[in-house]
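Those protein sequence lines, which keep their order, are chains G and X. So the first sequence is numbered by our numbering: it starts at 804 and just counts up by one. So the second sequence is numbered by our numbering: it starts at 804 and just counts up by one.
Read the hints as simulated data drawn from the structure, not as lab findings. Keep in mind that the hints are not guaranteed to be accurate.
Copies of the same chain look alike in the list, so a pair counts if it fits in one copy or across any two.
Unchecked claim - Computed cross-link-like contacts, EDC-like style, restricted to lysine to aspartate or glutamate with a CA-CA straight-line distance of at most 16 Å:
1. Lys-1131 x Glu-1146
2. Lys-834 x Glu-845
3. Lys-957 x Glu-935
4. Lys-918 x Glu-1008
5. Lys-834 x Asp-848
6. Lys-1076 x Glu-1123
7. Lys-1087 x Asp-857
8. Lys-1087 x Glu-1053
9. Lys-889 x Glu-1053
10. Lys-1141 x Glu-1008
In case you want the letters, here they are:
Number of protein chains: 2
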Amino acid sequence: MATFVMQSLGCDVAAINTVQFSNHTGYRQFKGRRTPAEEITELYDGLRQSYLTDFGMMLSGYAPSAAVVHAIGLIARDLRYRSTVKPGNFFWVLDPVMGDQGRLYVAEDIVPAFKQLIREADLILPNQFEAELLSGVSISTLTGVANAVRTLHKTYGTNHVVVTSVTVGDAAVADEDAKTQKQGVLTVVGSSKRRDGSARLFKVEVPKLDVFFSGTGDMFAALMVGRLREACAQMDLLDRAGWMPDDDVEAVDLPLARATEKVLSSMQMVLEKTITARDEEMSKFGLSPGASVGGVEGLGATDSDSEDKRTYLAQTKAAEVRVVRNAKDLVYPEERYKAVAMEV
Amino acid sequence: MATFVMQSLGCDVAAINTVQFSNHTGYRQFKGRRTPAEEITELYDGLRQSYLTDFGMMLSGYAPSAAVVHAIGLIARDLRYRSTVKPGNFFWVLDPVMGDQGRLYVAEDIVPAFKQLIREADLILPNQFEAELLSGVSISTLTGVANAVRTLHKTYGTNHVVVTSVTVGDAAVADEDAKTQKQGVLTVVGSSKRRDGSARLFKVEVPKLDVFFSGTGDMFAALMVGRLREACAQMDLLDRAGWMPDDDVEAVDLPLARATEKVLSSMQMVLEKTITARDEEMSKFGLSPGASVGGVEGLGATDSDSEDKRTYLAQTKAAEVRVVRNAKDLVYPEERYKAVAMEV
Chain G
804 MATFVMQSLG CDVAAINTVQ FSNHTGYRQF KGRRTPAEEI TELYDGLRQS
854 YLTDFGMMLS GYAPSAAVVH AIGLIARDLR YRSTVKPGNF FWVLDPVMGD
904 QGRLYVAEDI VPAFKQLIRE ADLILPNQFE AELLSGVSIS TLTGVANAVR
954 TLHKTYGTNH VVVTSVTVGD AAVADEDAKT QKQGVLTVVG SSKRRDGSAR
1004 LFKVEVPKLD VFFSGTGDMF AALMVGRLRE ACAQMDLLDR AGWMPDDDVE
1054 AVDLPLARAT EKVLSSMQMV LEKTITARDE EMSKFGLSPG ASVGGVEGLG
1104 ATDSDSEDKR TYLAQTKAAE VRVVRNAKDL VYPEERYKAV AMEV
Chain X
804 MATFVMQSLG CDVAAINTVQ FSNHTGYRQF KGRRTPAEEI TELYDGLRQS
854 YLTDFGMMLS GYAPSAAVVH AIGLIARDLR YRSTVKPGNF FWVLDPVMGD
904 QGRLYVAEDI VPAFKQLIRE ADLILPNQFE AELLSGVSIS TLTGVANAVR
954 TLHKTYGTNH VVVTSVTVGD AAVADEDAKT QKQGVLTVVG SSKRRDGSAR
1004 LFKVEVPKLD VFFSGTGDMF AALMVGRLRE ACAQMDLLDR AGWMPDDDVE
1054 AVDLPLARAT EKVLSSMQMV LEKTITARDE EMSKFGLSPG ASVGGVEGLG
1104 ATDSDSEDKR TYLAQTKAAE VRVVRNAKDL VYPEERYKAV AMEV
């Protein structure tokens, strides 16, 4: 997902796969292999020995072990060191993949490993749960999100933060928040700090799609890589360390806000089309359970699968994000959403 | 290369990587790992257990061992078996990557392993040297190429054959061939056999670019996957086993010929732009040897590299095919080349 999306936006990508799985884990079963940390380091050494490390940006995502998180940190440090003469020449987007919806889905020692790293990243992309984990701030309102972002700026010094997919529960929402956090809305909150460490908070709201898609975190991060660089280039910031805009730039005028608007528009366009395609696929499945999923009925290693399991697998497959066929939506997003300043 | 090119043409790709290397082997040094055959089989089993094997086509390329060739064969056989009710639903493009320019660059036991497999493939894409290895026919003239293709049809029963990159040496060219095989020309020869096993030979000539590019074999194969399916769909052949056109279709009207024309046009467009970009990059390198390649001068594990080695690595990097930035040339090739019938 991440590689294709970045390539679609014109980025030359050197991908170091942290896993090679048969399918995403949303299927609840998969085969394959997690890449050991030593192999990741070795691949980077291979790039280095042939002078192939002139990367302008790095995107890091899921790491299967704390040792891999550490190996990623060493790579980022080396790339940063090589760019010291031209500080804007390296920018690290770190997606601290740890869990979602209150549930950790990585080993516990990955949490402190990420905490060590994120002070070196230029932009971090936690979801709501990960923002809680990293900031120590419990989030049940938009004010909570804002405080978490402020804490992330202060504690780790991170220049840019986007909290993806905020859905504060309505029951827990204070009256003042209830006005802004509407039902059926997904909120993304971002900020680029000022020199004094204070936050410049904006939010972008998009209609919430009531489907579980796998890979949307990677999609968001990869689109952000392309769009943030583009927005910073337009504001002539690429020669500055951390691509930091001047302090007098308002929250809604930040390159990060511009980028977030485009990222979300691309995502919604692709996901809406995915839902349409999914519904069509599942209506066919209903007529002939199993047959439309596994090829010829009666073949395969899983004949004994229950109807429920087959249906679940078929639903999961039907919800695979239709990103390849809709690549034009990545490149040419409609102007759908506008960032608004957050005063909380 | 192959994954991105197929995705650019709109194919949803499930890639099983047969290697994870830091860089292509044209650099003469690399780090990383060849995938063991058991892991390839395991990944396929993972797809199968979740009913994710409804592939319309399979492209196989470089295999790092005879065991991997065998594992690929088992996967193809399983996919073929699953499509027996709808024979046109599976089409295997096999690129028998073994060597080039008279030199074998894989282990010797890979040659018989490929020979066992290619009778099951729908389309094979040997280069000149690989066509010699598989057919046993020595090729020094275009007549030799034609005979090799005829032998491949007869010996292995392969429906479709394209011999990529034919450059028969002028010294060895017979007079009649010399008229058609011009200097500075690269010839691609293809054929889809008739029911009686006879060949329908066409050739497409393109200007020869005097640069070594890495990945062009994968690029050809991946473009062919998309373009052949498209051409066969236009001729309403997708429900036939092997997508076989009727016997009365002339060589130059074959979907394989149509596809080859488009594939070569895309390739030349991208490679011409690659040469321009390469020349620009190398002119900068001349001014400041090493600095433009490895980032900050003086850093890196290879300070002791000779100037010659640094120059070689820089040249190799500069010649990396500019496929991501020129993806539109993959999707919208100009109409540049026409297949002509071969009467040899």
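Evaluated hints:
1. Lys-1131 x Glu-1146: neither (35 Å within a copy, 44 Å between copies)
2. Lys-834 x Glu-845: Intra 24 Å, inter 6 Å, cutoff 16 Å: inter-copy only.
3. Lys-957 x Glu-935: within (15 Å within a copy, 67 Å between copies)
4. Lys-918 x Glu-1008: neither (28 Å within a copy, 58 Å between copies)
5. Lys-834 x Asp-848: The answer is between: 7 Å across copies meets 16 Å, while 28 Å in one copy does not.
6. Lys-1076 x Glu-1123: within (11 Å within a copy, 35 Å between copies)
7. Lys-1087 x Asp-857: between (49 Å within a copy, 15 Å between copies)
8. Lys-1087 x Glu-1053: neither (50 Å within a copy, 39 Å between copies)
9. Lys-889 x Glu-1053: Neither, since 26 Å and 60 Å both go past 16 Å.
10. Lys-1141 x Glu-1008: Close inside one copy (8 Å), not across copies (53 Å); limit 16 Å.
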